[in-house]
Amino acid sequence: MYAANLLTTVIGALINLTGPGHYIKWGFIQMSLANLILIILMIVVLFLAIVIPFPHRSGGKR
Numbered sequence: 657m658y659a660a661n662l663l664t665t666v667i668g669a670l671i672n673l674t675g676p677g678h679y680i681k682w683g684f685i686q687m688s689l690a691n692l693i694l695i696i697l698m699i700v701v702l703f704l705a706i707v708i709p710f711p712h713r714s715g716g717k718r
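Residue numbers (the numbering used here): 657 to 718.
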C-alpha cells in the first residue's frame, strides 16, 4: 500500500494536473491531447496484437 501511494505522489509531482487541458482543433473536430495520445496508444497495441504471432507448439498439428 505504501508503494502505491509513493508511486502516485511521484507521478503527481511530475505532471501538473491543476492547469487547463490542452486541446487540438481540426476544423470542427476538437479533441484533448490526452485523449489523442490514448487513441494512438490503443491503435499501436491493436497493431502489435495483430502482427505479433501467438506462441504455438512446434511440431504436431496446429
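Derived from the structure by calculation, the hints contain no laboratory data. Backbone N, C-alpha and C define an ideal beta-carbon position, used for all residues, glycine too. Warning: the hint list may mix true and false statements.
Pair ranges (Cβ atoms, derived) [stated by the list, open to error]:
{"hint": "1", "residue 1": "679", "residue 2": "700", "range": "32 to 38 Å"}
{"hint": "2", "residue 1": "709", "residue 2": "665", "range": "24 to 30 Å"}
{"hint": "3", "residue 1": "681", "residue 2": "709", "range": "38 to 44 Å"}
{"hint": "4", "residue 1": "682", "residue 2": "658", "range": "40 to 46 Å"}
Hints, one by one, checked against the model:
The hint said 32 to 38 Å for the Cβ distance between residue 679 and residue 700, and at roughly 22 Å that hint is violated. Hint check: residue 709 to residue 665, Cβ distance near 40 Å, so the stated range 24 to 30 Å is violated. Between residue 681 and residue 709 the beta carbons are some 40 Å apart, a value that agrees with the proposed interval 38 to 44 Å. Distance hint check: the CB atoms of residue 682 and residue 658 are about 44 Å apart, consistent with the given range 40 to 46 Å.
Going down the numbered hints, you'll see the structure goes against 1, 2, while the others check out.
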